[in-house]
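S.K.: Sequences are here, hints too, so could you generate the full structure?
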Amino acid sequence: AQSVTQLDSQVPVFEEAPVELRCNYSSSVSVYLFWYVQYPNQGLQLLLKYLSGSTLVKGINGFEAEFNKSQTSFHLRKPSVHISDTAEYFCAVRGYSTLTFGKGTMLLVSP
Amino acid sequence: GAGVSQSPSNKVTEKGKDVELRCDPISGHTALYWYRQSLGQGLEFLIYFQGNSAPDKSGLPSDRFSAERTGGSVSTLTIQRTQQEDSAVYLCASSLGGQGAEQYFGPGTRLTVT
Chain A
1 AQSVTQLDSQ
11 VPVFEEAPVE
21 LRCNYSSSVS
31 VYLFWYVQYP
41 NQGLQLLLKY
51 LSGSTLVKGI
61 NGFEAEFNKS
71 QTSFHLRKPS
81 VHISDTAEYF
91 CAVRGYSTLT
101 FGKGTMLLVS
111 P
Chain B
1 GAGVSQSPSN
11 KVTEKGKDVE
21 LRCDPISGHT
31 ALYWYRQSLG
41 QGLEFLIYFQ
51 GNSAPDKSGL
61 PSDRFSAERT
71 GGSVSTLTIQ
81 RTQQEDSAVY
91 LCASSLGGQG
101 AEQYFGPGTR
111 LTVT
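Protein chains in written order, with the numbering used here: chain A, 1 to 111; chain B, 1 to 114.
Wrong hints could be hidden among the right ones.
[As the list claims (entries may be wrong)] Not the full set, but computed from the structure, chain A residues with beta-carbon under 7 Å of chain B:
{"#": "1", "residue": "ALA17"}
{"#": "2", "residue": "TYR32"}
{"#": "3", "residue": "GLY43"}
{"#": "4", "residue": "LEU46"}
{"#": "5", "residue": "LEU51"}
{"#": "6", "residue": "ILE60"}
{"#": "7", "residue": "ARG94"}
{"#": "8", "residue": "SER97"}
{"#": "9", "residue": "THR98"}
{"#": "10", "residue": "PHE101"}
{"#": "11", "residue": "LYS103"}
[Stated by the list, open to error] No farther apart than 30 Å at their CA atoms in a straight line, the calculated lysine-lysine pairs in the DSS-like style are these:
{"#": "12", "chain 1": "B", "residue 1": "LYS11", "chain 2": "A", "residue 2": "LYS103"}
{"#": "13", "chain 1": "A", "residue 1": "LYS49", "chain 2": "A", "residue 2": "LYS69"}
{"#": "14", "chain 1": "A", "residue 1": "LYS58", "chain 2": "A", "residue 2": "LYS69"}
{"#": "15", "chain 1": "A", "residue 1": "LYS103", "chain 2": "A", "residue 2": "LYS49"}
{"#": "16", "chain 1": "A", "residue 1": "LYS103", "chain 2": "B", "residue 2": "LYS57"}
{"#": "17", "chain 1": "B", "residue 1": "LYS11", "chain 2": "B", "residue 2": "LYS57"}
{"#": "18", "chain 1": "B", "residue 1": "LYS17", "chain 2": "B", "residue 2": "LYS57"}
{"#": "19", "chain 1": "B", "residue 1": "LYS15", "chain 2": "B", "residue 2": "LYS57"}
{"#": "20", "chain 1": "A", "residue 1": "LYS103", "chain 2": "A", "residue 2": "LYS69"}
{"#": "21", "chain 1": "A", "residue 1": "LYS49", "chain 2": "B", "residue 2": "LYS57"}
{"#": "22", "chain 1": "A", "residue 1": "LYS103", "chain 2": "A", "residue 2": "LYS58"}
{"#": "23", "chain 1": "B", "residue 1": "LYS15", "chain 2": "A", "residue 2": "LYS103"}
Just so you know, these hints were derived from the structure itself, not from any lab. A virtual CB, placed ideally from N, CA and C, is assigned to each residue, including glycine.
M.R.: Next comes the structure, spelled out in structure tokens:
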């Protein structure tokens with residue numbers, strides 16, 4: 001079985017500050033990990049994914065994530081956030097047939 | 001090209017009525033998924049189609065929920081005798097298949113049961 005834990009339901013941050021959104025997972029199959037973003041009143045959009053290879057994965061909009069097998073983590077980072085990054089972020093792990101999502105982290109960027 | 005589309009975008013229905021939600025996946029995508037997004041529950045998997053068959057229906061919450069896919073394309077999610085706890089955003093996604101394939105999500109249908 002697969003599960004995803006996003007430890008923070010909300011992360012407030014000031015514009016241009018760095019941010020880390022935490023994600024821990026468990027999986028009984030090969031580990032494929034994803035981060036999706038959902039802007040207000042929109043659908044989900046893929047930010048980045050880890051399938052294999054380099055543990056540091058770069059995605060769109062300046063985001064990156066690092067896969068850490070020993071800590072079963074896949075934290076999302078951005079060195080300098082913008083107001084436009086305000087959105088909900090979902091971490092997900094792939095199971096046999098579908099994705100299991102975490103409950104999401106709301107990133108609130110203020111000026 | 002066109003993304004995943006869903007209709008209607010909003011649906012308000014009375015408790016006890018049946019509703020049908022439609023999903024048009026990206027052309028050529030063999031895999032199709034339904035999820036439900038509600039406050040406090042996050043994103044819950046409902047059902048997965050590969051072609052017209054549904055090898056995984058494990059997320060359907062009750063026998064009031066059913067789904068079908070025809071022609072390897074359009075899918076319909078039907079909820080019979082709707083209850084207030086069915087109120088949620090229903091999201092559809094499609095992909096080329098394979099465990100690493102990106103799932104492309106539609107904008108969702110917001111269902112409100114009064």
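S.K.: Does each hint fit the structure? Answer for all of them.
M.R.: Okay, the hints, checked on the actual structure:
| no. | hint | in the structure |
| --- | --- | --- |
| 1 | ALA17 | 26 Å, violated |
| 2 | TYR32 | 5 Å, holds |
| 3 | GLY43 | 4 Å, holds |
| 4 | LEU46 | 5 Å, holds |
| 5 | LEU51 | 4 Å, holds |
| 6 | ILE60 | 12 Å, violated |
| 7 | ARG94 | 5 Å, holds |
| 8 | SER97 | 4 Å, holds |
| 9 | THR98 | 5 Å, holds |
| 10 | PHE101 | 4 Å, holds |
| 11 | LYS103 | 4 Å, holds |
| 12 | B:LYS11 with A:LYS103 | 24 Å, holds |
| 13 | A:LYS49 with A:LYS69 | 15 Å, holds |
| 14 | A:LYS58 with A:LYS69 | 17 Å, holds |
| 15 | A:LYS103 with A:LYS49 | 18 Å, holds |
| 16 | A:LYS103 with B:LYS57 | 21 Å, holds |
| 17 | B:LYS11 with B:LYS57 | 24 Å, holds |
| 18 | B:LYS17 with B:LYS57 | 23 Å, holds |
| 19 | B:LYS15 with B:LYS57 | 24 Å, holds |
| 20 | A:LYS103 with A:LYS69 | 21 Å, holds |
| 21 | A:LYS49 with B:LYS57 | 25 Å, holds |
| 22 | A:LYS103 with A:LYS58 | 22 Å, holds |
| 23 | B:LYS15 with A:LYS103 | 27 Å, holds |
Figure legend: structure checked against the earlier numbered hints; hints not met, in rising order: 1, 6.
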